[in-house]
Each structure stands twice: as structure tokens, then as C-alpha cells.
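Asks: Here's the letter readout for the chains.
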Amino acid sequence: MFLKNCWYVAALDHELIDGKLLGRTLLGEHVLIYRGESGNVIALNDRCPHRGALLSKGRLEGDSVRCMYHGIKYDCSGKCVQIPGQDMIPPKLKVRSYPVVERSHFVWVWMGDAAKADPALIVDFPDLGDPNWQGIPAYLHYDANYLLIVDNLSDFSHLAFVHTDTLGGSEEYAFVSKPTVVERLERGFRVERWHVNSDVPPFHKKVIREKNGKVDRRNIATMLVPGIFYMETLFAAAGQGAQTGNHVGAKEYRNCQFMTPETERTTHFFWSYLNNFEGEDSTISRSLLASLIEGFMEDKEIIERQQQTLEEDPGFQMLGILADAPLAHFRRVLEKLIDAEQRGAAPLTADSRLTTVA
Amino acid sequence: MFLKNCWYVAALDHELIDGKLLGRTLLGEHVLIYRGESGNVIALNDRCPHRGALLSKGRLEGDSVRCMYHGIKYDCSGKCVQIPGQDMIPPKLKVRSYPVVERSHFVWVWMGDAAKADPALIVDFPDLGDPNWQGIPAYLHYDANYLLIVDNLSDFSHLAFVHTDTLGGSEEYAFVSKPTVVERLERGFRVERWHVNSDVPPFHKKVIREKNGKVDRRNIATMLVPGIFYMETLFAAAGQGAQTGNHVGAKEYRNCQFMTPETERTTHFFWSYLNNFEGEDSTISRSLLASLIEGFMEDKEIIERQQQTLEEDPGFQMLGILADAPLAHFRRVLEKLIDAEQRGAAPLTADSRLTTVA
Amino acid sequence: MFLKNCWYVAALDHELIDGKLLGRTLLGEHVLIYRGESGNVIALNDRCPHRGALLSKGRLEGDSVRCMYHGIKYDCSGKCVQIPGQDMIPPKLKVRSYPVVERSHFVWVWMGDAAKADPALIVDFPDLGDPNWQGIPAYLHYDANYLLIVDNLSDFSHLAFVHTDTLGGSEEYAFVSKPTVVERLERGFRVERWHVNSDVPPFHKKVIREKNGKVDRRNIATMLVPGIFYMETLFAAAGQGAQTGNHVGAKEYRNCQFMTPETERTTHFFWSYLNNFEGEDSTISRSLLASLIEGFMEDKEIIERQQQTLEEDPGFQMLGILADAPLAHFRRVLEKLIDAEQRGAAPLTADSRLTTVA
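Residue numbers (my numbering), protein chains in the order written: chain A, 1 to 358; chain B, 1 to 358; chain C, 1 to 358.
Any given hint might turn out to be false.
Intra- or inter-copy, both count: the list cannot distinguish identical chains.
[Unchecked claim] Okay, derived cross-link-like pairs now, DSS-like style, lysine-lysine, Cα gap no bigger than 25 Å in a straight line:
no.	residue 1	residue 2
1	LYS251	LYS205
2	LYS300	LYS20
3	LYS20	LYS94
4	LYS116	LYS4
5	LYS178	LYS94
6	LYS300	LYS57
Derived from the structure by calculation, the hints contain no laboratory data. Predicted model, so just to flag it, every value in this text is computed and none were measured.
Excised from the complex, chain A in its bound form:
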């Protein structure tokens, strides 16, 4: 059961070049995504309603697509506009179209009731469109339910053990640092965590000059339904008083991650890891991209094995520890929203998203 009346990241703009008809499963539905000759991005159900052939194996014609089994053609609204050898077009012969918004390299699709698809509800981040922040949007596929990735991002103590030599830096992170602020939001949570006087983690060390000093590290992470993660990271020289506001010379990152269910047991994972100190070329962005992939692969191995475990042992009951409070809150929020949606409630407003729960 998924939340339907909300925007999901469905593709990256570079996946849609050169007339590509991208077939992608979203929330268990088979969707065709493409950029028409008008330049608009279009999303249609990927099944020709005639005999079920894939429209993504068809042919782009302007903003329309032709099924290449018997030649039936559909326009960008999903309306059938031609049946070779037949004049009358039955009104039922149409494919579902999905609302689409393209924003800062990401293509968002609305899988629920199209009448409720308000672009203002998109959880977008201004940095993504800010030329001062640079990064390389990227994609990974997970053989795991999207909430297992949400869980992973909800407790950063895993950095210490899973990512010691990549994104974490040392096991000390789990023992010494703790979330200092945990805010429960109407649509997720916000966590702040400092690790003071710590070693520089490997991914960061690669892209800075001063490699040997100690740093004060701050992560402020926000997780919002359905699976949208945003993190501000700051590294300042240890001892300069970063915790009391002196950020002189600090290096900062902005990290967006979008978990979109493919099926109940697989996930599309999109992200962009941004920095604001790159300068002219993209060396730093490319190094960060490589470091993040390295780290995500460490997560992927654990998370995909978790998925297998849950499938093998359907009766397995997870037991919570204190650090699970954010993820437990998130799951309750999501369940409530799905439940409300099933009962016909309107989507939450754009404003509600960062509202703190009383």
C-alpha cells in the first residue's frame, strides 16, 4: 500500500534525451516517460490497452507515441488518435496519463488522483536550482522496499559501522555523537547531530586541502513523506567554536535523496550531493559522486539482505532501540496518511509539511 496523492521523483532529465521512451515501474504501475518534440515531459501508462504491448517499445511521433504491434497511436493526453485500417476510434481506447512536473533536473510524477495534483505540493529544495550549489544528479536501483532505505537514513549511527572507511570516518561517531535536536513533523522528522573534534571522514578528506586537522561536523537531516530526504552538512575546524556560531572557513554540503517505490520490494533511488566550494571544473562533484556511490553500495548490501530476511521470515519482528524514535515516528505518520487517503481525505497542504507536531 503506497501513498498515491503525492509527488514522486520518477526520472532524471538526462534519462530522457534523444527521444528515449523510458519504461519505468512506479508504485507497481508501468509508466512510460518521455520528452515529446514540444519539449514537454509526458507520462502515460505503458500498456497499449489493445493487446497489452509496451508503449515504451513503440515509436515517438511528435508528442505522441505509436504502439509498434498493430500501429495504434496515442497523443500526449493518452487519447487514441489512429487505428490503422479502422476509421472509428472507440472512446474507451485510451491510456491513462499522469501529471508531470520537471524541476531542477528531476522529473516528478503524481500517481494518484490527477485532479489533486498541485505542483505547490512538490517537496523541492531551492539549492537544487541554485548555481552556487553544484552536484551530479544520479540514480541507483535497490532490491528492497523503500522504507528500509528511509530507516537507514533515519539513524546516522550506522555511519560508524557501515561507512567507517567512506562516509563515516570512525566508529567513534556512534559512541560519542548523538542527535541533539529531534523534531517530529507533521510529515516526517528533523534531526540535528554534532560530532565535535572528530577525524575528517574519507569522502571529505579527498576534496579538501587541509587533510590532517580535526573537525567539528554537523548534520541537519530532514525526512519527509513519502521518502524525501534532505541534509545540510557542515565541517568546521575543531575548536573554532562552530557550535556557538563561528562558521568561518567551514565547508558545506547539501544532500537530497529521493526514494520512489518501484514495487513493494524494489526502489528507485535518486540523489544529488551538492557542494558550494567547487570553482570552475567538476572535479569535486565527480569525487563526491564516486564517494557517495561507494557508500551507498555499503548500504545496499545490508538493506537488500534485510529485504531478503523479511521475505524469508515473514514473522520476524524488529525490536526498537532509542535511536529508532525518528523512524518509528515516520512510519506512524506515513501509515496515518495512507489510511486517511484510503478514506478519501485531501492531500496535506504544502504548508503543513514542515509543521512540528505539538
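Dock chains B and C against chain A, hints included.
Replies: Then chains B and C, alone, in the frame of chain A:
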């Protein structure tokens, strides 16, 4: 649910050379097919009733087969004739045998009630045994229900889009030509379709001398339950009046295709594509074999993807167009026959097969 | 449904060297087996109860293991002893531990009620720990239910057909030799079988000097629940009167095989094939290891295909022959024990195991 009281093509004679014990699943049953030393083709259930070992992994002994797990031996009627180390043979220890008829390189098996297995019910085609018609019988395996292949052969407008560069020739075929005669038969349908003044399709161009002229093309196709297809194809020079009966210099083909269910989701596909203008060597037959395989691979990609779609979206409902009238009739006929068979009705007579529905 | 209150072979000692955290599924449960720094072998459930990560992907610390997702640490009894960043340890956060006994290179695990785990119930064989008997303990994985392997070992007439050129020697074995003694035991059966004046089977011929004579061959096999096989084999020169007690110059083997269910459809298969005439080096043991693997591969092909057959044809009913009496008795015994266990009965005593059924 399959029609059982009818003949299915189960093998080609060249598959049974050199004492081969061919294990093949037919209608979900595991069948052993082999040629005994007497020369007769024999079909037995492929499970040793003792511990379920495969008889097709056993050893041929005369017309009998010995299971090579504990050495139990069965004769060509399926009767157990030896148990090593035991004198008394329990009467229950026997394997089912299936009626078999070998005809013109094809081996037909009857999967239903053996008492009803009348060879006169075989839907055979005289051309297959006529030395004036030459071709190379061949086999393909499909990961799709056999009726999706029947569907494919029921609407030749797909030639235009699926087989443009192989069997079709141009997209015009779908837009310009139409079935001129559609006959609904007691056991299937018959369709005639002319495409006048058309380009020569690639598969035909390869085997003729005059490569540049236009042709009038006629296909007369018959499809009969359970999945037996026969087509007469004629190419005459455009303008000579082929439609009004002048077939001078025309080139003709005879095309047989047999769809035999392996399981509910897979199919054995046998065919022979015959020509009558070959002469001494088999160059033309071999070229046609290669062209047909090329074309069938185009179908296979679409049809197997259809099968996947139907498995992924069990609720998917196909919507008909006018060109689907023959396939819709065929499915109704087949359902009625299966239903009648379940209620104990006799198989249709051989004569009824080409009877037109009033 | 498995018998739980009994000992199963779970690993070989050489699988646990160098701090290896061995993840192995036993009776459908995921078990971690390792040798702690104390030298003890420890078996714990392989799931971290926090988020279900594999402890076998964790880190050995002394006799404890640390989950490498969020760093939670468990001692050798399964008790949680550390949660990074959290002082209070919830009492529910523990993993199940399983009783373990290590004996003569084999590691035995008790999957049932730990309170009933009496080491005296282990069906061990003195030869395994006797320096006069030498062999190389080994492991194979089967894609088949363990009882199909038990069946295989319950009727040695299969030697004639499956192992003619490896362990059997000739098809005559099935036709000429028969079990002379069959004892039904409380926990299994015992079978004695002579094959007099027979050719030397290939596996034996490889390790002896006199390669051309005839031999009298005796096998005495015992099969005990849950799947424990023991066989004494003797080869004496034909004609010297081995059947009446003259064993001068005879060569003997001791053969242990242990079938441990991994799941309902897969099995861990452990064995050791011992000889007492090897001398200084291990050439004979290594030759026998290779011969046994060769033979087991012949069994594996048949048995794994049987498993597939039973899955494909769930309605398939095996039909017994006379030689199936031992395996039929074994299945009845096992069913009765499982049934009794489900009703809360105590495990059979160690003494009962070789008791003959009246």
C-alpha cells in the same frame, strides 16, 4: 485449461534420431517420446511411478525403456516388465501411454481419452507430404501462452509494424490492405487479404530474380483449434490481374504453424514454410527458414513481453478493435469446446472442422 | 515439519577456522556458527533482532559478535551487551542461542528445546574418533528434501544402475544380491547385503593392488532418524569363505553420512568415508574422497530431479516395490516421532536407538 481430446504436434521426426529419449512437457504433463527399435514412435508418461525418476534419463531397450534409478523396465504400452531383484510385478506399476501418429515429419500426440483418439481427426495438410512442395520443418520455444501466438497470427496488420523489414515490407500493409473475406468456422476462422501494387517484402525478394517490380500479394489464412495455422500465399506481378484470376508466373508459399501448449505460460511452436519453385537444391528453403526465424524473433519479443504483462497485471483487460473479430471468434469456439469436453461431449468430427458457422 | 528435539550435524570443524562467522540455514532457521576466541563453538540465531541484519556479516569480538549495521553487540549466550549511544539495554533485545557439541570434526547443533539437549543423544560413531580409521570429512549441498537422500541410501540396488562405473561395479548387483537381513529399529533400520563372487567396483579397485580377482562384498548399513547413515563395508577374496567368517586379508571401510535439512527443499550433506589400511600418507583417503564425490554427483542429478518432479506434480504418488520396505519403515518411524514431539513427548533415549522393533 486445455482442450485434451484432440491431436497436438509434439515433436519433429529429426528430434527422435539415434535412440533419443525426448522428455517434453505437453499441456503440463511430462511426456517421454522416442522411436523404438521397431521404428514406431512411442509416447509414455515421463515419470517412473516407483520414485518419480525421469524415464527420459533412462535407457532404451528395444521398444522398451528402463528407468536407470533402480532398473525398472516398461514396455511400449507402459506396462512394467521387470523389477530387478523382485519376481512379482504389481499390476499398478505401469506408466500411462499416449496415442501417437507420425505424419510428414510431424509427430502428433493425443493427450485426452485414448479411446477417442481417431487419426482421422488430425488436421494435416496435404502439401506437407507432397514432393512438389519443399520446406524445412523447424521448432521454436515461446515463454508465452499459446493463445497469444494464435492472436498474433489472427491479425496480419502486425506485419506492417513488427515485420516491416522482414516479412512485411512496408507500413502501408496495415493502412491499405484489409481482410476481404472473413469466414467464421465451427473450429476456427478463415481470412483472405489482398495487398495490391505493393513493394516486394524482404523475405520474398531474397529468393526471386525480379527484385524491383511491384506485386499483388494474397494471403489466405486458416486457424483451427487447438492452435493450427495454415496459410496460402501468392505473389503475382502487379497489374496482370491476379485478383481476377490471372496467376501466370505467380510465386506461391504454403505455411503451416502448430502451437502446442507446454504449460499455461509456455508453448512449443512447430512450423514448416513450403515453396513449390525451388528446383534441385535447398537454397530457397534455407533462405526462407532463416527469414521466418528472423520474423518469429520479432514476434517472440512482443509476445513474451505480453505474457509478462499479463502476469504482472492480472487485472489487465484487453480492448478489442475491428481487426480482432477473428481472434475473438476463435477464443469463443475454443472455450465452448473445452467447456463441452469438460461436460463429457465427444470430440468434433473430422468433417466439421472447415464447416462455416451460419 | 522437522524433528526438532534431536542433534543434527551443522558444520565441519574446518569450516570454522580463522574467526569465520558461518551463516547456515538449518531446518529453515538462520543460524550463525562460529568458534569464539575461547575455542568454544557457538551457535546463535543469525538475525540481529534490532533491524534483522545478518550477524554472520558482523564482527567477531572474543566470544561475542557485533552487528555491523548499528554496532549492537551480543555475547556467546545471545545476550545483548552493548548498544552504541544507549546505556540501558532492553531485556528483550537478545538472540536465541542453540546447544552445540563438537565431536570428531563434526559440529552438532540442537534445534529444539534447549532444556532437552542431552549430548548422550548424539548418534556418534566411535570409528570417527579412532586413529586406526582415516578419512576426510566433507560437505555437499543438495537441492532436494533430505528424505529423498535417505530413500536413496535405503535401497542399494541403485548402485547397479546409478553407480555402475563408480561405486557399483556392475548391474548384476541389483539382480543377484539382496538384503539378507533387514531389521526394523525403533529409530530406523539395519540392512545387511552380500554380493558374492563379484567384480571389484571401480572406487575400490583404485586403492588396492590386486585389481583382477573376484570379491565377496558385504555391506551392513544402519539408518537412524533424523537422517544419519552408517555403513560397514567389507571386501574379501571370493571363495575364501567370508560369509562363514573368514575375513583374512579383507579390506574394510566405515562410511558415515549425515543429512541435515536446510529447508523443506534443500539439504546439507556431510560425510566421512573411512578406511583402516592407509598407512602413512593420505593417498587412499583422497582417492576415496574423489570417488565418493563422483558417485554422489550421480545421485545428486537423480535426486534433485526427483525434487523438481515432486514440486511440478504435487499430486504424484510413489508406488512401492519390495525393496522399499526399509524406507517405508523409516518414514513411518520419523512421522511418529515428529507427531509425538508436536504433542509434547520427550525425545527418545540414547539407548532406544538401536532397539529392534518387535
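Asks: Can you give me the call for LYS20 and LYS94, within, between, both or neither, at a CA distance of at most 25 Å?
Replies: Answer is within: at 21 Å inside a copy they meet the 25 Å cutoff, but 52 Å across does not.
Asks: With identical chains treated as interchangeable, where does the CA-CA distance between LYS116 and LYS4 reach 25 Å or less: within a copy, between copies, both, or neither?
Replies: Classified as within: same-chain Cα gap 10 Å, cross-chain 52 Å, threshold 25 Å.
Asks: Treating 25 Å as the Cα threshold, decide for LYS300 and LYS20: within, between, both or neither.
Replies: Between copies only: 23 Å across chains, 28 Å inside a chain, cut-off 25 Å.
Asks: 25 Å Cα cut-off: does LYS251 pair with LYS205 within a copy, between copies, both or neither?
Replies: within (11 Å within a copy, 69 Å between copies)
Asks: Is it within, between, both or neither when you check LYS300 against LYS57 at 25 Å Cα-Cα?
Replies: This pair counts as between: shortest inter-copy Cα distance 13 Å, intra-copy 30 Å.
Asks: As a check of your reading, is LYS178 near LYS94 (CA-CA no more than 25 Å) within one copy, between copies, both or neither?
Replies: For LYS178 and LYS94, only the inter-copy Cα distance (24 Å) is at most 25 Å; the intra-copy one is 54 Å.
Of the hints listed earlier, there is not a single one the structure fails to meet.
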